[in-house]
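Put together the whole structure using the sequences plus the hints.
The chain contents come next:
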Amino acid sequence: MKRGKHQDVFAERAAGKAVPEAKQLRKLAGDWLKQRRADAELSQADLAARLGLKYYTFISQVENGFSRVPTEIMGAWASELGIEQSAFARHLLMYYEPELHRLLFGAETK
Amino acid sequence: MSVVAFERKQNTGEWSERELSTILAALSAATAPGTGREWETGTTEKGDVQFYLLGSLPDQACELCVSRIGGRYILEDGLGRLLFEHRNLDLVALHAKAAVPSTSWLMVRAITLWCAVRSAFHEKAEPWLVEGEELFVQFVPQLAAFA
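One line per chain: the protein sequences are A and B, in this order.
Position 54 of the first sequence, counting from 1, maps to 53 under numbering that gives the first Met the number 0, and the rest follow consecutively.
Position 77 of the second sequence, counting from 1, maps to 76 under numbering that gives the first Met the number 0, and the rest follow consecutively.
Each hint should be verified, as a subset may be incorrect.
Ranges between beta-carbon positions, derived for each pair [as the list claims (entries may be wrong)]: (1) A:G105 / B:A119: 33 to 39 Å; (2) A:I72 / B:C114: 42 to 48 Å; (3) B:E13 / A:D30: 19 to 25 Å; (4) A:R49 / B:L82: 20 to 26 Å; (5) A:P69 / B:A31: 27 to 33 Å; (6) B:E122 / A:L103: 53 to 59 Å; (7) B:E44 / A:A106: 31 to 37 Å; (8) A:G74 / B:L112: 44 to 50 Å; (9) A:P69 / B:E44: 17 to 23 Å; (10) A:A106 / B:E125: 55 to 61 Å.
Calculated from the structure, these hints are not laboratory results.
In this text, a Cβ means the ideal position worked out from N, Cα and C, and glycines have one as well.
Laid out in structure tokens, this is it:
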């Protein structure tokens, strides 16, 4: 992943500034999803087709950590990866809403 | 007359300077300083390039995504909804511009304008109002005496 040229200037100015937590956690969620998809031996295109998406670009968007798995297709996403839906949602909640996850389920390791 | 069939140049690989300029020009208002928006690029597992328009802090979630697959440009929102697709990037960029959530930016402009007008009104009109009030206070007893 690269940043635009003009952003390098801002990045230099903001050197040392921590990556916002939400963004970082979304990236971790994306890495986890990518690994689970690989375990299920599916390509991004395969998964997109099974979820009824015309293109696989959204799968990439999510796995690169820029978007979340929408709630509406979370169940189907879990099923296609061969993961129990509630476990899948619970695990993603740990990244997407860590405080809510902590309140609901207590502290857990990622 | 014989026609030589030229092979169409495949538009693959990294974003070109021209492509990025086209997208950024269309999104210049959306990415203007003060909006808090940023942009990043990435790729799919097949190496197709993607451009992400990110919202402001703290979430910085993707608001729009432009991808190029085999010379075709795909415009999606942050929820994966397909908004537009075409081979012409200029057209896609126009749709991207229209799709950017701009309410907050308009709201900021409207509030700034309102504050400026209000401040100007207070500066100009307040002395007049105070003067009028003083005159009124002076004349009321006299008018009351006449009554």
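Now the hints, each set against the structure:
| no. | hint | verdict |
| --- | --- | --- |
| 1 | A:G105 / B:A119: 33 to 39 Å | violated, 57 Å |
| 2 | A:I72 / B:C114: 42 to 48 Å | holds, 43 Å |
| 3 | B:E13 / A:D30: 19 to 25 Å | holds, 23 Å |
| 4 | A:R49 / B:L82: 20 to 26 Å | holds, 22 Å |
| 5 | A:P69 / B:A31: 27 to 33 Å | holds, 29 Å |
| 6 | B:E122 / A:L103: 53 to 59 Å | holds, 54 Å |
| 7 | B:E44 / A:A106: 31 to 37 Å | holds, 33 Å |
| 8 | A:G74 / B:L112: 44 to 50 Å | holds, 47 Å |
| 9 | A:P69 / B:E44: 17 to 23 Å | holds, 20 Å |
| 10 | A:A106 / B:E125: 55 to 61 Å | holds, 58 Å |
Against the hints set out earlier in the document, a violation occurs for number 1 only.
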